[in-house]
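Place chain B on chain A using the hints.
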Amino acid sequence: MIGMSIVKRKPLPGWVMLVIPVAAVFVTLLITSIPILIAGGNVFKAYGALFQGALGSKFNLLETFVKASPLILTGLAVAFAFRAKFWNIGAEGQLFAGAIMATWVGIYFTWLPGFLVLPVMIILGFLGGGLWATIPAFLKTKLKVDDVVTTLLLNYVIFHMMGALLFGPMQMPGSSWPRSASIMDAAFYPMLIARSRFHLGIIISFVAVLVIWFINNKTVFGYQSKGVGINLNAAKFGGINTNMVILKTAIISGGLAGLAGVGEVAAIHHHLMMDVSPGYGYTGIVIAMLGNLHPVGVALAAFFFSVISVGAQTMSRVAGIPIYIVGIIEGVALMTMLIFILLTEYKIRWTKS
Amino acid sequence: MMSEIFTVTFITGLIAATLRMSTPIILATLGEIITERAGVLNLGIEGTMVFGAALGFLTTLATGNLWLGVFVAALGGIALSLLMAVLAVYMGLSQHVSGLGITIFASGLAMFIYRLVVGSPIVPPIITPFTPVVIPILSKIPVLGPSFFTQYSLTYITWALIPLVSIFLFKTRAGLRVRTIGQNPFAADTVGVNVNLTRTLCLAAGGAFFGVAGAFLTLAHQNMFLIDVIGGRGWIAIAMTIFGNWNPVMGALGALMFGFLDAFQLRMQTLGVDLPFHIFLMIPYLITILALISVSRKATVPAGLLKPYRREDK
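Residue numbers (the numbering used here), protein chains in the order written: chain A, 1184 to 1536; chain B, 165 to 478.
If you're looking for bench data, these hints aren't it; they were derived computationally from the structure.
Quick list of in silico lysine-lysine cross-link-like pairs, DSS-like style, CA-CA up to 30 angstroms:
1) A/K1193 with A/K1401
2) A/K1268 with A/K1325
3) A/K1327 with A/K1409
4) A/K1327 with B/K471
5) A/K1419 with B/K462
6) B/K462 with A/K1325
7) B/K471 with A/K1431
8) A/K1431 with B/K462
9) A/K1530 with A/K1409
Now the in silico label distances, taken between C-beta atoms and shown as ranges:
10) B/S284 with A/T1317: 38 to 48 angstroms
11) A/I1306 with B/R431: 36 to 46 angstroms
12) B/M388 with A/Y1406: 50 to 60 angstroms
13) A/W1360 with B/R337: 56 to 66 angstroms
14) B/R337 with A/T1317: 40 to 50 angstroms
15) B/T336 with A/I1306: 51 to 61 angstroms
16) A/V1199 with B/Q386: 45 to 55 angstroms
As the structure is a prediction and not an experimental result, all values here were calculated from the model. By construction, the Cβ of each residue, glycine as well, lies at the ideal position given by its N, Cα and C atoms.
Next up, chain A with everything else stripped away, as it sits in the complex (with noise of 0.2 angstroms):
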């Protein structure tokens, strides 16, 4: 019988870790050649296809970018939550309470003077959804309730109460749908590029890549936080509010996924509806561990994971492979960095026995 064994290996030097999302890319992209063999379609053909439909033309490219916007920031708050090792499944939910706080400013902040409510409805939307995010971190701190289901129960919880508030109070009058009415004009987000969709929220996306690399790696919070991610009990000993550290962090990750919220009301819809997310809460976490946690690598795996979604779209029309290729290629794209990050740090060794 042939055995299998996991052992350490030394330490490789540092550019492997920038080779391997990109090998990861490619064996993903190999496998998942196989669906679409499946479906009859030719290989080269579709992805073909979707390296055009995403990055063929000016506005193709300017699509893409806004397409990676919310995932930079549903990525960005994973990352960020799961350095702590605060296991934050509840991006999806984050970024509604964002969407609902964007919509309320949006809708019902006439009395502000114009050139305030841009940064209001941000401000109040990060707090949106960093307070949102609170509740499963102050049930784990303090009730010892588990994070995973916590956070993964709130995203249904919130998105019925946005059903309730949309058929409800926030309904646009005369409406027989779960939609608000249109945000006013001085609450868009400004499209910075003409004939495109180009918009402030992709800029404040790059912003906050860079400030999460500067807490990361500038700040004692950003230190502690990676500390109470790498060994709780060390932390504490050490004389970290360990507590107040998960807080933080979770209202620093909850508070990226609720600007992901802001910007799909301020700059696509103008209004709320149930379907303002396709679900980049959960691809935040694929997003976030193809970029291996890192604020840059997050950055370049939520462009990538556009380039699919938006190109997807066109292999969908051309080659006539089912859209939901998408959740294909994001379960495989996980699985496979997986295994590439262990490889760097063990080898398997077979044995015969």
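Below, chain B without anything else, positioned relative to chain A:
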């Protein structure tokens, strides 16, 4: 409104719906308990249920055979769990992330296969679902008869599985081995138990449960496959595993409570209570969180949960 609640028809209907709606959650909870007792958290549960719901539905759509649909759903669940075993057991990768990966992958795959097979028709295809099995004599008892003894075969099977899983875990040698692995894999290894193989078998059993739980929703509860068919029931099962303190009977009671809340909110909606129906939809999830809070201090998590077993790490 009160007078409408306290009629025999209403109460009978409520009990029947509670039992029906709790069936997939009880099944999934039992599966997750077996898996977690062996030390593996399977967050692939939600996606595995979606996959089972799709495979079961498509098999029955093609063959007209409901039990074949159930069987194929179980096989699909086992296949995904074996993938989970490769990642989380043999490679020792993060159970959290592996499981979420399986859920994302399996949900995508289920929808992809469904679209490939049925295309995009305006009216989704339907099957002739399971019909309730009326148990002779017992079904004649007032209230209890039409509620307890007029259920789907899968519901009766699920009830039988509650004591069976309990007996397996707590009264058999194999169950003792499973629990030992979940508590202390090193000790289990020392006395000659194959830790990784046992974990894999438990994952497979759990996967079969998840697959059938999903298929129940498309073959009995409804007669079609919709994208949000599972709607978080897998996560509820994870919550009920904790709520039930990893005990099949207690976990099933928790699932029954969720089924009751689900059935009750549906009835409140149809009675025309003047509240947005989303408030009712929210209640079961909120109460589940409250239930978790209520037991959190007493929870005795299997000590080996989330820890990959590598002999050389000792």
